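Chemist: Protein chains in written order, with this note's numbering: chain A, 1 to 528; chain B, 529 to 846.
Hints in this document: simulated from the structure, not taken from any laboratory. Bear in mind that the values here come from a model prediction, so they are computed numbers and not experimental data. Careful: at least some of the hints might be erroneous.
[What the hints assert, rightly or not] Calculated pairs, DSSO-like style, for lysine-lysine (alpha carbon to alpha carbon, straight line, at most 30 Å): (1) A:Lys-268 / B:Lys-689; (2) A:Lys-523 / A:Lys-224; (3) B:Lys-756 / B:Lys-657; (4) A:Lys-268 / A:Lys-403; (5) B:Lys-750 / B:Lys-657; (6) B:Lys-689 / A:Lys-503.
[What the hints assert, rightly or not] With the Cβ distance kept under 8 Å, some of the chain B side facing chain A (calculated, not the full set): (7) Ser-614; (8) Tyr-680; (9) Ile-683; (10) Gly-687; (11) Gly-691; (12) Pro-694; (13) Ser-695; (14) Thr-698; (15) Tyr-700; (16) Val-790; (17) Ile-791; (18) Pro-795; (19) Gln-799; (20) Tyr-800; (21) His-804.
[Said to hold, decoys possible] Just some of the chain B residues that point at chain A, by a computed CB distance under 7 Å: (22) Val-688; (23) Val-696; (24) Val-793; (25) Asp-803; (26) Lys-807.
C-beta: ideal position from N, C-alpha, C; glycine also.
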Amino acid sequence: MSDELKYLSRLVAAGRLDRRAFMGRAAALGVTAMGAGTLLTSQVRAQGAVKGGTIRVGIQGGSSTDSLDPATATNSTATQILRMWGEPLVELTADGGLENVLAEEFSASADAATWTFKIRPGVTFSNGKTLEPADVAATLERHAGEESQSGALGLLTGITSITVEGDSVVIALDGPNADLPYLLTDYHLMIQPGGGKEAPDAAIGTGPYTLVAHEAGVRSVFEKNPNYWREDLGHAATIELLVINDDTARSAALQSGQVHMVNRVAPKVASLVSRMPGVTVHSTPSAGHYVFIMHCNTAPFDNNDLRLALKYAMNREEMVDKILFGNGTVGNDTPINAAYPLFSDDIEQRTYDPDKAAFHFKASGHEGPILLRTSDNSFPGAPDASQLFQQSAAAAGIELDIKREPNDGYWSEVWNTQPFCTSYWGGRSVQDAMFSTAYSSAADWNDTRFFNPQFDQLLVAARGELNEETRKGMYRDMSVMVRDEGGLICPMFNNFIDATSDKVAGWGPSKGFDLMNFYAPMKMWVVG
Amino acid sequence: MHIALKLIAQRLALGGLLLVAVSVLIFVGTQILPGDVAQSILGQSATPESLANLRAELGLNEPAITRYFAWAGGMLTGDLGTALTSGADIGDAIGGRLANTLFLASVAAAFSIPLAILLGLLAVRFKDKWPDKLISATTLASISLPEFFIGYLLIFFFGVKLGWFPSVATVYDGMGFWDRLEVVILPALTLTLVVLAHMMRMTRAAILNVMQSAYIESAELKGLSRFKIIYRHAFPNAIAPIVNVVMLNMAYLIVGVVVVEVIFVYPGMGQYLVDHVSKRDVPVVQACGLIFAAFYIGLNLVADVVSILTNPRLRHPK
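So here's chain A without its partners, still in its complex pose (with noise of 0.2 Å):
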């Protein structure tokens, strides 16, 4: 980068040159758009954050259904929500790595079965009582308790006991489990006082704002906790959530100046929504992946061969360029990416290959159409996306048929239920939580049908294994059996797009989910 545009950007961020004359300027000296709004942010930050104002975010997925009780979370309207007047035990940090939040400190017995966390002295609740253990203890009972609804309760199923021990909370596992803390970051984890066993709704918690009017789906505004115990988080005076379903609203609302952040950007509208004056995109790789999926023990997928042979008919760079119109990355047929902390990427990428495909299909003895199920809220664009499947099958001689079903019931009547249809998957912090989740022979949502021994006890062996090499090469080795035996075809990593106004300024790097993990409305700053 060179010193003119550095110097340039320092003018901004003290205020001498406005944003767009240095757009402009960026633009003369060869600098893309998105490439000098970054720069831009970056200097800004660098002025320090500024104290106060008002931070309104337009933000997607609420609905008037939706209750305050962390356990029954599910949408991002609701995570954002929980961010704001709650705090977990650990948290994720931008390199995949942790942060403390309410434990001051962890740590693991040798075999990884018993886990201790040092509770935070001198932090209170917004109702003004004091952080205690057993707070933290209730909590993690109510949520993996018998009659838990809670959406964390498959996490944590593996826990026998949650103790009290002085200072601290003592979690004993019925196994190892060397990823306890990067389960215990998610989000429906929030520490509530009591445990909120009584009032689970009640939105109080020790985050750095307090919800003082709410209506569901609607509208949610947050006021500076005074009493927050941290000095780099909660800048704004006041937070309001609105929640806007329609994503044409959503930017039109963004342009037009009424809030100062969005989340989910259409990808087919990014680029246009970058160039509105005074507008910044933000494209940031995700876990989350849009998949096809085949049910290895119904026929005809019961064939490994013809699994392949759909796997190599598959163009994965042309899914990314034209349903995600370049916002992600593309997919090697494992839910696992550069996300996760023990990613290997040394796998070789299975790449469209239309006679090794025909081959397979050969090989496989199958013959006549094959039956590919689909539907609007699959994932965006699944429709178009399976089309383009289609024709890149035909080229391979396989044929493939197109059911679009309903988006009312898809995911009771045809995902992990019909033997080939497309789904999304939202990706998870861990190796252990996805391939749990999805890939283990006793796991609910095994919606691949992948029955394997050997994989279930790599899976065991892992959550015991400290050695982070060793480790890190058993998942590579899970990665390898799903790629070249399940039934997942993954063909793209969509981005989280969100998109922030020149009003505000701070974002940064995240690990998670979109708006930085939910933390942007507190780590960004109005600017003055």
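Here the structure of chain A is known, so what remains is to put chain B in place on it, guided by the hints.
Modeler: Here is chain B on its own, set in the frame of chain A:
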């Protein structure tokens, strides 16, 4: 005059009867949805025990007749029950949403009804001349565009390009009347453009029909101005069909505006109903259905009564 009162009482009784019939239909309709209610609430995570527990909790083991009377009785006493998804009181939640819907409908009606009638009168006054053609062409063009497209056009020009009005129409408790009015301008304008043509064309057609009558000719021979003939002599006799179409459009403004609500992020009844249908929250769907039906029947009742009162032949039957 007592004959008119009797007629009104008759209509009211009929309306009440109709509402009871609708309530039966709504109840039966939600009962015959595939799978029972408990099954659709629990969905994937259903186990035999949890299904049995929930069925008992919802009273699904009672016979349908008992359940219908319990529900209808609750409705009559103002107890709408609680939402299954969030556990909130339906009455409270619907109260706020209904007020929002009525506010938007009133603003749209306040724009569109006088405008439609005025344009209709003007179109008759200048029949087959350029003002008539211009009015017809523009209103027909606006009714031909889908309402979401009109909404996006208005957002683009007035919200984004000119910045005159907010593109997001979120209203909330504690918002002043003028602030509310400002945010609903664009959605109200969209609705106005959608309903204008229907009412305008009906006004024009109804008045033109009356203009053929002999007494209009005598008024002309008296030397009255053309516009005075239209509003003094023709318009009062054309009120019945105009009121009918106005009420139909009012009903549409209350029960049929979910698309506009979504585009402008307006927290009205339509969005509320759709959210709960997709989660199979049956008590809320039933309550919304009944409220919508009540408005529809009520507005048509008003239209009936007004046409009776303005028509001497119906007011004084032989």
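Chemist: None of the hints should be skipped; say for each whether it holds.
Modeler: Hint by hint, here is what the structure shows:
Among the hinted pairs, Lys-268 of chain A with Lys-689 of chain B is consistent with the structure: their alpha-carbon atoms are about 22 Å apart, no more than 30 Å. Taking the CA atoms of Lys-523 of chain A and Lys-224 of chain A, the gap is about 13 Å. The hint holds against a cut of 30 Å. For the hint linking Lys-756 of chain B to Lys-657 of chain B, the alpha-carbon distance of about 19 Å falls within 30 Å, and the restraint holds. A distance of roughly 24 Å separates the Cα atoms of Lys-268 of chain A and Lys-403 of chain A; the hinted pair therefore holds under the 30 Å criterion.
A threshold of 30 Å between alpha carbons decides the hint, and for Lys-750 of chain B with Lys-657 of chain B the separation of about 24 Å falls inside it, so the pair holds. Taking the CA atoms of Lys-689 of chain B and Lys-503 of chain A, the gap is about 18 Å. The hint holds against a cut of 30 Å. With its C-beta approaching chain A no nearer than about 5 Å, Ser-614 of chain B sits inside the 8 Å limit, and its interface hint holds. For Tyr-680 of chain B, the interface hint holds, since its Cβ comes within 8 Å of a Cβ in chain A; the closest pair sits about 6 Å apart.
Checking Ile-683 of chain B against chain A by beta carbon gives a least distance of about 5 Å; that is within 8 Å, so the hint holds. Checking Gly-687 of chain B against chain A: minimum C-beta separation of about 5 Å stays under 8 Å; hint holds. Hint status for Gly-691 of chain B: holds, given a least beta-carbon distance of 6 Å to chain A, under 8 Å. For Pro-694 of chain B, the shortest C-beta to C-beta distance to chain A is roughly 6 Å, which falls under 8 Å, so the interface hint holds.
Of the supplied interface hints, the one on Ser-695 of chain B holds, with its beta-carbon coming within about 5 Å of a beta-carbon of chain A, less than 8 Å. Interface restraint check: Thr-698 of chain B against chain A, minimum CB-CB distance 5 Å, threshold 8 Å, status holds. Taken as an interface hint, Tyr-700 of chain B checks out: its beta carbon lies about 5 Å from the nearest beta carbon of chain A, inside 8 Å. Interface restraint check for Val-790 of chain B: the shortest CB-CB distance to chain A comes to about 5 Å, inside 8 Å, so the restraint holds.
Hint on Ile-791 of chain B holds. Least Cβ distance to chain A is approximately 6 Å, under the 8 Å limit. Taking 8 Å as the C-beta contact cut-off toward chain A, the hint placing Pro-795 of chain B at the interface holds, the least distance being around 4 Å. For Gln-799 of chain B, the shortest C-beta to C-beta distance to chain A is roughly 7 Å, which falls under 8 Å, so the interface hint holds. Given hint, Tyr-800 of chain B at the interface with chain A, holds; its Cβ is 5 Å from that chain's nearest Cβ, closer than 8 Å.
Interface hint at His-804 of chain B: satisfied, since its Cβ lies 6 Å from the closest Cβ of chain A, which is below the 8 Å cut-off. Taking 7 Å as the C-beta contact cut-off toward chain A, the hint placing Val-688 of chain B at the interface holds, the least distance being around 5 Å. Interface restraint check: Val-696 of chain B against chain A, minimum CB-CB distance 5 Å, threshold 7 Å, status holds. A hinted interface residue such as Val-793 of chain B counts as satisfied when its beta carbon comes closer than 7 Å to some beta carbon of chain A; here the least separation is about 5 Å, so the hint holds.
Taking 7 Å as the C-beta contact cut-off toward chain A, the hint placing Asp-803 of chain B at the interface holds, the least distance being around 5 Å. Here the hint on Lys-807 of chain B is kept, as its CB sits about 5 Å from the closest CB of chain A, short of 7 Å.
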